[in-house]
Amino acid sequence: MSQSYNSIKPNVIDDEMLQKAVEERWPEDIGKLAKSEGIDFKDVTELQLSFRNILQIDNLWQFENLTKLQLDNNIIEKIEALESLVHLVWLDLSFNNIEVIEGLDTLVKLQDLSLYNNRISKIEHMDTLQELQIFSIGKNNLTALEDVVYLRRFKKLRTLNLTGNPFCEEEQYVLFVVAHIPDLVYLDFKLVSDTTRELAVSKYHYLIDPLEHEEAQALAQLEEKLAKQKELEYHKTAFVEYLNGSFLFDSLYAEDTEAAKLAYLPGVDDLLQAYRKDFVSVCENLFNYGLKEYEKREAEVSEFYKGLHEALTANQQEGRKIILDFENRNKERLDEIHHATSYNIAESKRAEYNEDILQLSETLMTLEMQTVDQLEELIKDFEKNIAVIASTFIENVKGMMAQCRDLENRHHEKLLEISINTLEKSVKNELDEDLPDDVRELLVDKTTLVNMVNTSHNVHLLKIDMRECDILSNTYRWQASVTGKAFQNEIDRNRNRVKEIFQYIDNLQEQLDSIELLEPPE
Amino acid sequence: MEVLEENDEEEQREEELMKALEISDEPHNIETKLSVDQVFVPSDVSDFDWSSIDISQLPSSYKTNSPREKKLLRIADHYLQQYTHLCPDRKPLFLYPVNECGIKKFVSTTVRPTLLPYTELYHWDGCASFVCDYLTMEPLKSPLIPPSLLYSPTTILKYQRGNCFDFSVLLCSMLIGAGYDAYCVNGYATHDICSLDETLEVCPLLRKPQEVPKEIMKKSNKYRVKSSPDMQSKFELQQEAKKKAETEATHKNEERGEEKVTEVEKPTHDPLYGLRVHAWVLVLSGKREVPEPFFINPFTGNSHSTMDEHFLGIESVWNHKNYWVNMQDCRNGCKDLIFDLGDTVRWEIMLSETDKPLQVLLDAEEENELFDRNMDDTEEEEEDTSFAMPPSWVAPIQISPREFETRCSQGKKVILYKKAKLEKWAPYLNRNGLVKRLTVYADLGCTEVVEVREWFKNREDMLDMRELNKQTQLTTEYFSPGHLLGLKVHIYKSMEPETERVMEFYNEARVDGLQKRAENASEIKEYFVGRDDFKYFQHTEFGKRGKKISVAGARTDINSRPIVQMKECFHRNLEKPADEDVAERVFLITEEMIHLTYHLKDKYITASKKDFFKPTENYRKQSEIMTPEMCITYQAGSSVKDKKLLHLYKLLQELAEEEKQLKQQVRQSEAEVLNILKIRENEEADIKLTVSIYNTERNEKRKQQYEATNAMEDEFPVHEEQDLDYLAPFLIQIGHPEKMTKGQVLRLRDDCLTDFKNRLIAKANIIQARFEKEVEELKKKNQQFQENQSQLSREEEAVFLADYSETMFCIHIVALRLNREKQTAPQKYLALEEKLRKDPRLAVHLSHA
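Top line first, the protein sequences correspond to chains V and P.
Count along the first sequence from 1, add 18, and you get the number used in my numbering.
Count along the second sequence from 1, add 278, and you get the number used in my numbering.
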């Protein structure tokens, strides 16, 4: 092996080689045509680079649309530079000198992967290849039979080739593999019989069952997580995330160290509980209202787009009808002009046709103008409605937030009262309860205490303001984006349509002009 | 005495049946008769002499009255007296007419509820159509009074004729048997109904199904485009509308004139209107999911609403249990009648307590069951305080399958409708499977045929119906699924190929999804459904034959028409972008052009297009295989003509290939049409009828087979034991010698016997082992139970007990088998020895021994 390795001159993938490889695949006539036009590597879907002594994969990034790539029988040592070939379905890297599986993460469409006859000692780094159906990794250095368990994640894997690896010597090799990959149809070029499968299951169920259990659990967890995320996403689009429950209330006290200390004062705990209850219920109200408003907004938007779609379809049909009418009328026109017996007739016919084309252009443009007017009105209506919805929502949110603030104010007053009472008691040494030392320290000076309570109060108010601000700004942003999108869509549509009409008319004119007329009689 | 009589009855009935079979067993006779009385004339039929019928063989219940029946007659008499006293100006009731034996029988006892073993007869319309088809109608002796005679349904069935009362009683018997709440009605109807004159009715087959106006749910959207202002002159529109109205008015006038003509044809006023006696059947709601009461006219088998204006009044109704007299005013016909028989003011009941109001559903059913149980048991008496209706005196109604199938009195029936004639035949009567023919005429005199529709049954070519329109000369044939190549409908003028025709197919049954193929001399249009390539339409135009044959130089299709143009249309394939998804593909063969039109992109109004000009032969020889001039492209929405020649060339190549295939396909469809025409011609020339394999009577082959197998089984009773050759394995061991020495024979015998012995022992051992195992298990379980008894919950204990009893059962069974084995083993051994002794191969030597 090393001898032959030395005697071969390693090659690099360069333009010339690629050009040649591409050309090889074409039949002669197409090849000629292609050559004269120049080859665009973007159009190539299959490439064969076998037996070329390639040492390093390189320069393949241009082949964006490649689906089949053969790099077998080279001396490649590392899988690299394949990241951009994301459409690859079939990759053949057999008979190379690869030692590690790597660099395949972006090839998510891969169905058929061959790493036969390499120097790989571990199956790894393939988690993203969920489409894999055929996998060949025979004649490698795989020693640990447990590696096969890795292949369980490929749900579509049906054909597997592992022959010629060291672990194939092991006695229970086949049964182990079949037991761990239950959907396998072909193993090492042979059909997996039902009896083998049963045997494998009965032998290894003690291994498989916990595995399956684990996988099921992981799946369930993942699903749960996804569901939660989805719900949160939904709440976010309704602008009321984290308002169902005590999240906001908890956040008020999260960074408030003073409040924690104050909580030790007698009577504060009860007060806090009551406050919390009221606050959460207001939040809940806000949350439910937000969801309801969200549905309303969605309904409004979808209704608008439905109406818009109807209008556009009607418009499309109308336009189509005009064009079809025109085309049917003028089917034979060009031929007539072409075969006209005399120049004069031809010329007059041509003028007539020209007139017709202008007429068509006129009609289409009028139709378009009309549509623009209609749609503008439609969109303005929509804008108005959206504005109304947004403003009511904002009003109500503001109202509910004001409730929160009121609660906070009231709580603050009561807290202040308790604090001062406690202070007085403490001064008079009438305090019965045992308080922690740092709390006791507070009860020394009235200003300190009041300041503390005030700071806590300010922090809370700030938090509430911030949350309100969030909701409001989100709502404004939504309003702007929805209406903006509607307008932008309409502008784009209008431009496209006008462009289309011009192009079509130009095309007709061109066709007419391209007809060679008889020479005008001199 | 009783028993003897009953036996006699049985015999008599059998004889009757035999006779009936004999009659219907002569199909030739029937056919000759058919040709004679082609047209059914109701008035001719009354020449049948009822007095000549044979009453000698009827059961005794027909000839005498039981004590209860006598009592019933007395009650009826009493009731009648009261009734005449109360309502002196009403007609006498139809209570106890005389039966065929001259015995007075109460009408309710003439109803004999029977459920016949035919699925068709489980439903009321099946019963009604059977009765009206099976019986021949006779008018009443006097149209103004009910008949004095009422024959039993069995007699009516036997002679297949009767008046409206006979029809009603038979139908009512069948309906009650089938579980309906049905009643015979004695009342008054119009002349048309009474005399079975349907010439003024539109044939039910011609009635158009009422179109249910579809409710279009249209939610108005708030976002709607305001339509552009209407610039049309209102005045002009008005003027136009006026003109239109005027022309329409004149049209209408003309039509009215026509209507007048038709009205003239209506009959003049009937002098006996409202007096004509008729009998029909009333079905009340409640049972068998009948939503509301309705009438059945037994002559036609049609259902009528109780509001129908043809029914003019009701005197009385009865079923097998009771008799009600209508006390409601019938001045407005039956429109205002209320059919709540429990209402004693409106309906005067005869046997008051026997029947609770039938509105109470459950009760009625129970009673029905009770009745059913008592039905055959004529002697059982229910001596209640109230008098119950005695069971029917009529023998059970029986209809043989042959009679049921033959239906109409001679296998044929003709009904005349307004401008139409309907003929019906029994299946298999006509050689071509014809069962129904409807002829539609243009005039009331039935002279000018407009349309002929024929229905077929049991045809091997699956032909279901043929429609011949005399005006357009179009023939339409409808096929049931299963015809060759999935043919569904075939519309044609002549069977000549390449003429105008339309063939529809069961596209589900075809690989190519062809649904319809319309053809005429110069084109073929094909419609497809559900194809993978989204093609839904293909249109091929042909040129004149023979014109270009020499040029085309195609030797294979000298006789076929040259193709001029082929057009294909495709549905949108959502997997492709719209401007790469071809919507229409036209191959202009003579002009060597290909037009491609693509689907519309979203919101676009112009479709992308490509026009290819195919390179001519000499052009191709040049080095350039593709030039920009060969393809004119219009790409909607993008001004860049980006497509490279290479792609275009590839596309062109593909198209050329497709064109070739398409041509072939067109030729194939032409061939298919020819093939179908040929097949159809053959089928029509030699019509075959299919016979179900379950129909042993008709399926001769099957019958023979069946009989043959029966005979076989009789002749050769199967002896499995004989088939087993005990000696075979041992003979193989010594290599099948032709002749065996005595020593060999003896050894053979001994081998065989020891082997058998071993087997018996082994068998016994197996059973023994199983027995021991079960016992062991039982012991173990018992022990376990004893140990844990204190800790066991009640449920566990129950489980154990169940288990225990099961095991005990097993042990018992195994023990029994062991015992039997022990007893029979020696006998078996001896039997084998005996058999071996008699075996011809060994006999020579063993007999000496």
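What the hints contain is simulated information worked out from the structure, not anything from laboratory work.
We put the CB at the ideal spot given by N, CA and C, even for glycine.
It cannot be assumed that every hint is accurate.
Below, in silico cross-link-like pairs of lysine-lysine (BS3-like), each with a Cα-Cα straight-line distance of 30 Å or less [unchecked claim]:
hint : chain 1 : residue 1 : chain 2 : residue 2
1    : P       : K1116     : P       : K1100
2    : P       : K735      : P       : K813
3    : V       : K60       : P       : K1100
4    : V       : K127      : P       : K854
5    : P       : K382      : P       : K349
6    : P       : K922      : V       : K349
7    : V       : K60       : P       : K771
8    : V       : K27       : V       : K86
9    : V       : K339      : P       : K1116
10   : V       : K53       : P       : K928
11   : V       : K246      : V       : K174
12   : P       : K938      : V       : K349
Derived CB-CB ranges, DEER-like [said to hold, decoys possible]:
hint : chain 1 : residue 1 : chain 2 : residue 2 : range
13   : P       : S758      : V       : V126      : 50 to 56 Å
14   : V       : D391      : P       : S758      : 40 to 46 Å
15   : P       : E1073     : V       : D227      : 25 to 31 Å
16   : P       : A1047     : V       : D227      : 34 to 40 Å
17   : P       : E862      : V       : T359      : 41 to 47 Å
Hints, verified against the model:
1. Proposed proximity of P/K1116 and P/K1100 is supported: the alpha carbons are some 26 Å apart, at most 30 Å.
2. Our distance criterion of 30 Å between C-alpha atoms is broken by P/K735 and P/K813, whose separation comes to about 36 Å.
3. Restraint check for V/K60 and P/K1100: not satisfied, since their Cα atoms lie roughly 89 Å apart, outside the 30 Å limit.
4. A distance of roughly 19 Å separates the Cα atoms of V/K127 and P/K854; the hinted pair therefore holds under the 30 Å criterion.
5. This hinted pair checks out: P/K382 and P/K349 have alpha carbons roughly 12 Å apart, not beyond 30 Å.
6. Of the pairs offered as hints, the one joining P/K922 and V/K349 holds, with about 27 Å between alpha carbons and a cut-off of 30 Å not exceeded.
7. Simply put, V/K60 and P/K771 have alpha-carbon atoms about 59 Å apart, too far for the 30 Å limit, and the pair is violated.
8. This hinted pair checks out: V/K27 and V/K86 have alpha carbons roughly 26 Å apart, not beyond 30 Å.
9. Simply put, V/K339 and P/K1116 have alpha-carbon atoms about 100 Å apart, too far for the 30 Å limit, and the pair is violated.
10. Among the hinted pairs, V/K53 with P/K928 is consistent with the structure: their alpha-carbon atoms are about 15 Å apart, no more than 30 Å.
11. This hinted pair checks out: V/K246 and V/K174 have alpha carbons roughly 28 Å apart, not beyond 30 Å.
12. For the given pair, P/K938 sits about 26 Å from V/K349 by alpha-carbon distance, which is consistent with the 30 Å threshold.
13. Our hint of 50 to 56 Å for P/S758 and V/V126 holds, since their Cβ atoms are close to 53 Å apart.
14. For V/D391 and P/S758, the Cβ-Cβ distance of about 58 Å falls outside the hinted range of 40 to 46 Å, so the restraint is violated.
15. The hint said 25 to 31 Å for the Cβ distance between P/E1073 and V/D227, and at roughly 29 Å that hint holds.
16. A hinted range of 34 to 40 Å for the beta carbons of P/A1047 and V/D227 is consistent with their spacing of about 35 Å.
17. A beta carbon spacing of about 33 Å between P/E862 and V/T359 contradicts the range 41 to 47 Å that was offered as a hint.
The structure shown violates the earlier hints numbered 2, 3, 7, 9, 14, 17.
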